[in-house]
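S.K.: Heads up: the sequence lines are chains A and B, in that order. Position one of the first sequence corresponds to residue 1 (the working numbering), numbered consecutively onward. Position one of the second sequence corresponds to residue 1 (the working numbering), numbered consecutively onward.
Simulated from the structure, these hints should not be mistaken for laboratory data. Hints may contain errors.
Partial chain A-side listing against chain B, Cβ under 7 Å, derived [to be verified]:
hint, residue
1, Ala64
2, Ala74
3, Gln266
Lysine-lysine pairs mimicking DSS-like chemistry, simulated, CA-CA at most 25 Å apart [to be verified]:
hint, chain 1, residue 1, chain 2, residue 2
4, A, Lys41, B, Lys101
5, A, Lys314, B, Lys216
6, A, Lys288, B, Lys41
7, B, Lys314, A, Lys221
8, B, Lys288, A, Lys111
Using N, Cα and C, we set each Cβ at its ideal position, and we do this for glycine too.
Each chain, written out:
There are 2 protein chains.
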Amino acid sequence: MGDDEAGRAAEALIPQFQLERLLTQDQAGRRIVLLGSIDSKPAILLAERAAFASDDDHLSTFAASLEHIKNLGANDIYSWFLASSGVSNGASAAQQPPDLKLNLIYPCTEKHVKKYTTQRVRMVTETAETFAKHVRPYMQRNREEGRLNWVFNIIEGRTEQEDVMYREHGEEGFLVLPDLNWDRKTLTSLHLLALVERRDLWSLRDLTRNHIIWLKHMRQKLLDAATKLYPSIEWDELKLYLHYQPTYYHMHIHIVHAMLEAGTTQSVGKAFSLENIISQLEGMPEGKGMADVSLTYFLGEQNELWTNIFLPLKEGQGPSQA
Amino acid sequence: MGDDEAGRAAEALIPQFQLERLLTQDQAGRRIVLLGSIDSKPAILLAERAAFASDDDHLSTFAASLEHIKNLGANDIYSWFLASSGVSNGASAAQQPPDLKLNLIYPCTEKHVKKYTTQRVRMVTETAETFAKHVRPYMQRNREEGRLNWVFNIIEGRTEQEDVMYREHGEEGFLVLPDLNWDRKTLTSLHLLALVERRDLWSLRDLTRNHIIWLKHMRQKLLDAATKLYPSIEWDELKLYLHYQPTYYHMHIHIVHAMLEAGTTQSVGKAFSLENIISQLEGMPEGKGMADVSLTYFLGEQNELWTNIFLPLKEGQGPSQA
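Take these sequences, add in the hints, and give me the full structure.
M.R.: Take a look at the structure:
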């Protein structure tokens with residue numbers, strides 16, 4: 001049997017596949033693994049959405065080749081759609097759901113272009129000295145500019161109260177919100193944020209050996225809160241971590257389901273496990289804390305920490321104050 | 001203008017989109033962001049492959065609805081294909097590339113079914129005591145079973161030499177291999193593995209303060225090797241990490257491009273940054289090391305460490321020796 005013939009024989013098997021059940025759906029739903037049979041023998045069929053071809057020929061005809069474009073909504077210059085790739089005339093195609101999601105920003109600005117242009121990413125090592133001399137002052141300026149008002153408004157009960165899912169007051173006080181990226185229903189992709197009530201902790205850099213007991217209590221309280229909110233989740237199915245650098249300088253802890261597919265939010269060089277921070281503090285001598293160690297993490301080149309601190313340091317100049 | 005009318009107006013914009021250039025392709029190539037214009041005004045069009053519908057109606061007709069199935073290769077019971085979803089008769093559809101990748105395992109076994117059935121994931125905290133009493137003996141049994149022979153074969157130059165991209169001998173000796181998941185050409189998704197030549201380090205648990213200098217030298221050598229192999233990459237575009245638990249108990253370090261999309265391999269609770277391990281060791285008193293701290297990480301429920309050690313511990317029984 002020639003290769004072509006073997007290939008055709010293999011191709012002929014696929015349409016004969018009889019579904020028994022779905023084994024797995026992952027990669028943000030873009031891969032399915034089906035268990036079934038062909039000719040009464042068991043078979044597994046994996047199907048995944050392919051990458052887009054990125055050559056200009058295909059990209060330039062891409063928009064015009066779309067079919068069944070259906071608008072789902074619009075807000076100002078933003079609108080979103082479902083669509084199907086290619087031209088589908090057949091009856092069975094009509095039964096298959098749209099395979100593309102579209103977003104249109106029209107008209108767009110330079111800011112949109114910058115936002116969607118791939119940023120180069122750099123690894124930086126922030127020593128204790130760089131933190132004290134440059135990064136902590138940056139955090140302070142950032143806080144003084146009023147960028148935390150939205151956090152304080154939530155903590156003080158003035159805004160977004162409908163999103164607060166859980167709240168405790170006091171020195172070990174905190175409140176729990178859904179992360180913006182969570183659909184608020186799929187439990188295996190649960191993503192919550194816990195904002196602590198105390199305001200003296202700007203980031204994990206402020207944690208010292210003196211906070212070990214407080215951190216352990218917080219951990220227990222966060223696991224209790226999340227499993228109370230979602231009783232079908234067990235406490236050891238929850239992953240807790242902090243970002244460094246965080247997006248805002250008021251201490252907050254991410255709570256995610258351990259099955260949530262790992263993306264940038266959970267990535268090494270960005271996410272620091274709460275338990276491993278506790279463990280790192282426990283391994284330190286008395287009087288020490290996270291402000292005394294080097295931390296290595298990544299930054300986009302458009303991040304102010306890169307442009308104003310780490311790039312000048314790399315180039316042998318003093319960081320700017322901007 | 002009614003909502004339907006506004007929707008139709010929005011839908012009519014899409015086919016008018018004139019491509020200027022591709023801004024970004026991410027999410028494993030499954031999202032593209034195109035810059036262009038509509039009616040001479042700038043526009044951004046984002047297109048992403050949708051998740052598969054997972055209801056039985058669609059899944060049961062899925063295989064039969066595929067078109068243009070093209071076999072790419074086969075090996076024993078495994079074969080792989082490209083295909084298009086839906087029925088495409090039109091001329092422009094023929095110009096669009098296949099939007100699906102398929103894998104068929106036929107006939108498959110119970111082992112395949114188990115492999116592709118979603119595993120529940122658990123977070124565990126491995127204390128210094130649990131490590132010494134249970135996990136280290138597990139590692140030792142694992143090493144004694146000869147599971148490292150393939151590593152020693154590579155280190156001693158007996159097998160897979162065609163894959164060795166870089167090698168240095170001595171106490172700071174190591175060799176560099178491409179990770180199996182890397183396509184060996186896309187630089188922004190570079191993923192290399194460095195196997196150290198010395199055999200006394202089974203995992204990051206064996207690292208102590210005495211290894212700090214060695215680790216710093218290794219870090220520098222790995223960055224040098226990778227940037228020598230790929231001169232267009234700068235050293236601060238490389239991320240270095242170790243897994244805990246690793247797949248095999250001979251110390252190896254992952255080297256990835258900082259732009260590589262973060263997945264499970266880089267996830268908190270699995271990936272430990274090399275620099276942050278060094279930093280953690282530096283923060284410890286003399287004589288201490290990674291064997292003295294608690295480590296929190298995740299395990300699939302089918303992992304032997306879960307079934308034989310952590311599940312029995314959770315249930316208050318002693319771990320089994322199996």
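S.K.: Now, for every hint given, state plainly whether the structure supports it.
M.R.: We went through each hint and held it up to the structure:
This hint holds: Ala64 of chain A has a C-beta 5 Å from the nearest C-beta of chain B, less than the 7 Å allowed. Look at Ala74 of chain A: its Cβ gets to within about 6 Å of chain B, closer than 7 Å, so that hint holds up. At its closest, the beta carbon of Gln266 of chain A sits 5 Å from a beta carbon of chain B; the interface hint therefore holds under the 7 Å criterion. With a C-alpha separation of about 22 Å, the suggested pairing of Lys41 of chain A with Lys101 of chain B holds against the 25 Å cut-off.
Of the pairs offered as hints, the one joining Lys314 of chain A and Lys216 of chain B holds, with about 19 Å between alpha carbons and a cut-off of 25 Å not exceeded. With a CA separation close to 57 Å, the supplied pair Lys288 of chain A and Lys41 of chain B exceeds the 25 Å bound. Annotation: proposed proximity of Lys314 of chain B to Lys221 of chain A holds, straight-line Cα distance about 19 Å (limit 25 Å). For the proposed pair Lys288 of chain B and Lys111 of chain A, the alpha carbon gap of about 50 Å is over 25 Å, so the pair is violated.
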